[in-house]
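Enquirer: My request is simple: use the sequences and hints to build the entire structure.
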Amino acid sequence: MTIVEIGLPKRLVELTLDGESVRVPEGATILDACTAKGKSIPTLCYGDTLRPANACRVCMVEVEGSRTLVPSCSRKVEPGMVVRTDSERTTHSRKLVLELLGSATDLSTTPHVDEWMSACGADPSRFGPPAPPSTDRDDRRPGEHEEPDGQTAATVRQPTKVDNPLYVRDLGKCIMCYKCVDACGDQWQNTFAISVAGRGFDSRISTEFSTPLPESACVYCGNCIEVCPTGALSFKREHDKREDGTWDEEAQTQTTTICTFCGVGCNLTLHVQDNEIVKVTSPHESTVTHGNLCIKGRFGWQHVQNR
Amino acid sequence: MDLKLLDVEPSEAERVVVDLFTGMGRDQLLPALHAVNDRVGWISQGALNHICRVLHIPPAEAYGVASFYSLFSLTERPAKVVHVCVDLACQVNGAKSLCDRLTSELGPAGAKSGWLRSPCLGVCEKAPVALAFEAGEVAAEQLLAPTTAEEVIAVAAAGPSHVDGERAEVPQAGSPGLRLLQRVGVVDPESLDDYRATGGYSALRTALLLGPSGVIREVTDAKLMGRGGAAFPTGRKWDAAARQPVRPHYLVCNADESEPGTFKDRLLMEGDPYAVIESMTIAGFAAGCSRGYLYLRGEYPRALHLLRNAIARAKERNFLGENIMGHEGFSFEIEIRRGAGAYICGEETATFNSIEGFRGEPRSKPPFPVESGLFGKPTVVNNVETLVNVPVILTEGCEAYTRIGTSGSAGPKLFCLSGNVSRPGVYEVPFGTTLGELLDLAGGVPPGRELRAVLLGGAAGGFVRPDELDLPLTMEDARAANTTLGSGVVLVLDDTADLGSFLLRIAAFFRDESCGQCVPCRIGTVRQEEAMHRLVGKRPLSTSAEDLQLLREVGQVMRDSSICGLGQTAWNAIESALDRLGYAEEAAS
Chain A
1 MTIVEIGLPK
11 RLVELTLDGE
21 SVRVPEGATI
31 LDACTAKGKS
41 IPTLCYGDTL
51 RPANACRVCM
61 VEVEGSRTLV
71 PSCSRKVEPG
81 MVVRTDSERT
91 THSRKLVLEL
101 LGSATDLSTT
111 PHVDEWMSAC
121 GADPSRFGPP
131 APPSTDRDDR
141 RPGEHEEPDG
151 QTAATVRQPT
161 KVDNPLYVRD
171 LGKCIMCYKC
181 VDACGDQWQN
191 TFAISVAGRG
201 FDSRISTEFS
211 TPLPESACVY
221 CGNCIEVCPT
231 GALSFKREHD
241 KREDGTWDEE
251 AQTQTTTICT
261 FCGVGCNLTL
271 HVQDNEIVKV
281 TSPHESTVTH
291 GNLCIKGRFG
301 WQHVQNR
Chain B
1 MDLKLLDVEP
11 SEAERVVVDL
21 FTGMGRDQLL
31 PALHAVNDRV
41 GWISQGALNH
51 ICRVLHIPPA
61 EAYGVASFYS
71 LFSLTERPAK
81 VVHVCVDLAC
91 QVNGAKSLCD
101 RLTSELGPAG
111 AKSGWLRSPC
121 LGVCEKAPVA
131 LAFEAGEVAA
141 EQLLAPTTAE
151 EVIAVAAAGP
161 SHVDGERAEV
171 PQAGSPGLRL
181 LQRVGVVDPE
191 SLDDYRATGG
201 YSALRTALLL
211 GPSGVIREVT
221 DAKLMGRGGA
231 AFPTGRKWDA
241 AARQPVRPHY
251 LVCNADESEP
261 GTFKDRLLME
271 GDPYAVIESM
281 TIAGFAAGCS
291 RGYLYLRGEY
301 PRALHLLRNA
311 IARAKERNFL
321 GENIMGHEGF
331 SFEIEIRRGA
341 GAYICGEETA
351 TFNSIEGFRG
361 EPRSKPPFPV
371 ESGLFGKPTV
381 VNNVETLVNV
391 PVILTEGCEA
401 YTRIGTSGSA
411 GPKLFCLSGN
421 VSRPGVYEVP
431 FGTTLGELLD
441 LAGGVPPGRE
451 LRAVLLGGAA
461 GGFVRPDELD
471 LPLTMEDARA
481 ANTTLGSGVV
491 LVLDDTADLG
501 SFLLRIAAFF
511 RDESCGQCVP
521 CRIGTVRQEE
531 AMHRLVGKRP
541 LSTSAEDLQL
551 LREVGQVMRD
561 SSICGLGQTA
571 WNAIESALDR
581 LGYAEEAAS
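Heads up: the sequence lines are chains A and B, in that order. Residue numbering for the first sequence follows the numbering used here, beginning at 1 and increasing consecutively. Residue numbering for the second sequence follows the numbering used here, beginning at 1 and increasing consecutively.
Derived DSS-like pairs (lysine-lysine); straight-line CA-CA distance at most 27 Å:
{"no.": "1", "chain 1": "A", "residue 1": "K161", "chain 2": "B", "residue 2": "K4"}
{"no.": "2", "chain 1": "A", "residue 1": "K296", "chain 2": "B", "residue 2": "K4"}
{"no.": "3", "chain 1": "B", "residue 1": "K365", "chain 2": "A", "residue 2": "K37"}
{"no.": "4", "chain 1": "B", "residue 1": "K377", "chain 2": "B", "residue 2": "K365"}
{"no.": "5", "chain 1": "B", "residue 1": "K538", "chain 2": "B", "residue 2": "K96"}
These aren't lab readings, by the way, just hints derived from the structure by calculation.
Expert: Encoded structure:
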């Protein structure tokens, strides 16, 4: 029997959201209130299984009386709060944040970002043509940078890291949302194989001294990939199939089952394309895994399709 | 948590210094990194590995922390290195030609050539300046101020001789009527007896008699406001922390003075270190703190030595420690934490992360520090100058104190004059003195030149024009005039100054110092710098008008949506140059 913590009954808090009155339980975030009202707020660094990192600033909304905009994913509602998700300031902020991200990062595999960009008229190309990829991003020193001439827009484009048979790290797609670091660290896995290194525009997700993953503390649980919102981290299998054009999400079925390796009973969702398992995930709402798995559940399925 | 370490061992020297941290916790990471850097000049894989083993920290995290700070190097470099300031005040005073000479004689800045470009070293009154470090069994530093290319080349080869003995520059030193600067340049900063002979520790005695709530009442009634830039009422902050039932409470003295053009806190710490220690003790008593951290920027070696000495002497005489001055039950300790080259660590929540051994990234507020600050406990953070006002208030009484200055801004204020000014230095004047009077005090621009502009408040502040010299320097007048006093920077530019290069340096500064946590600041500061290069170099993408529009839009998103004050103010000075100084028209023509 699963024991479900129901907690104490929660008081309802009343606030105004885009002119409408809303009542949500105490402790809810502005984002929760928006979701309850059926308003869609774009998010990137927010993760349903993680604590808010407040880093991407895509979900900013206007709260009356606040000097700056506030992140809706983490700001808790207060009685009488007056929130605007569609004001000129909010729209400007969202557009610029998306433009800045798009101008520096490859967002080609980020779900929904195209819709969000066209909804607010974002045009990342207006900062100039993207600078060519660089190979020195792992060695940049904090507090110094090469003087730009302004004729190209600096980017995080760089060669893809493939140093093991299971993961691919395409950090030219990384928006520094901190989710992989949080999943690897104290929020779930407690492995601490990766961290944010460097500073400012030169900050990056890295192992110690940028050592290859096989020499790092990585245990290949894949939980970082599970939470990555942009495809910067991906499973090798998925990456290869995307590269050769055979990745077809529409043709895939998803079947949830239970892992057979040990007695924990993790839920597995098998993504099957052409009668072949191409990826394994776990439902985020599973009370056993909260979306997390270990290397065996995540990658130990090749034997199923040995024919 | 099991640690997986790299298969690399430290050298003997590295092992010895790291082993001293055995049994300690995560918050000793920054001190341990400093210990290695001081000993060998850089942090090798073996040394970092050993730090991780001793302090039980995952190597990836320790690497993330070490690579955050610009004073550390994670690649091999010589023991001797000279940091040459290229920031605002030094730029106005010839830093560029100095660096050009160094580039041609020593090679491009970098570990190999023995010199590096540095953001503001906080010695703007003697610009151009450089700071030399040499690692070794006894690490040495030497401030070269003012310096020349010949001197930098000589010191880069021979290493620093010793900590410089020169006194800081206080043109008013010894003048009657000074309060904050009364001892600076007058008494021996090493001597506790000198300090006591000039009224030192009488304020703490008064505080112990008044009791914590009495002290808070005095400070509140004195209308003391924070002098670090945000001008928050100090009494309210102390009161909010004192009321928190959770224990312990912490005090943090923010001595990470890194705003370009600011050097007042360094002068206070070097000239009157005991006053800083006494003020912290009073603040700790009022807010119920048992421990105070003095977070000192890593580029202030002289202040470090003098403060260490002051803490040791104060401890010997029971001005720190248990039952201070015989007051049963009041115990207070002060620990100095050295920063390592990161402007952002002056943001209060970034300071907490830095002290705790994490990357110096600001936290999201709320919760505010008075509820949940250092180590998650109620914390009071005050700037050095703010604290040094407290003994003045307790000695003279809050009524006398509020008679100094104006009704909205009470008390004396320190201003840091630098740039194209005849007598640069720190000046103490009452709030309400006009900008023109202050410039006169410092002798105005050099003879034969004309005033072009004044940068108030530093890189995060704003420019004012020569026709605005009647501006009274108060919080309320600055606000009404849509500018800021910030940390008290008054950086003067005359008609010889190259405003375009000056603005490019401001843009480069923010790009370098952004922590990288949030998108508006991390990428916005890069786009701002790129657009400024197009504007100043007159090489627009299509038209300068479009680049100006782009700058305004990027500026707006940084101001609206950045996590902390760094990103929120990264556009202020440039915006004021465009609009207030008319640089927008100049650039578009």
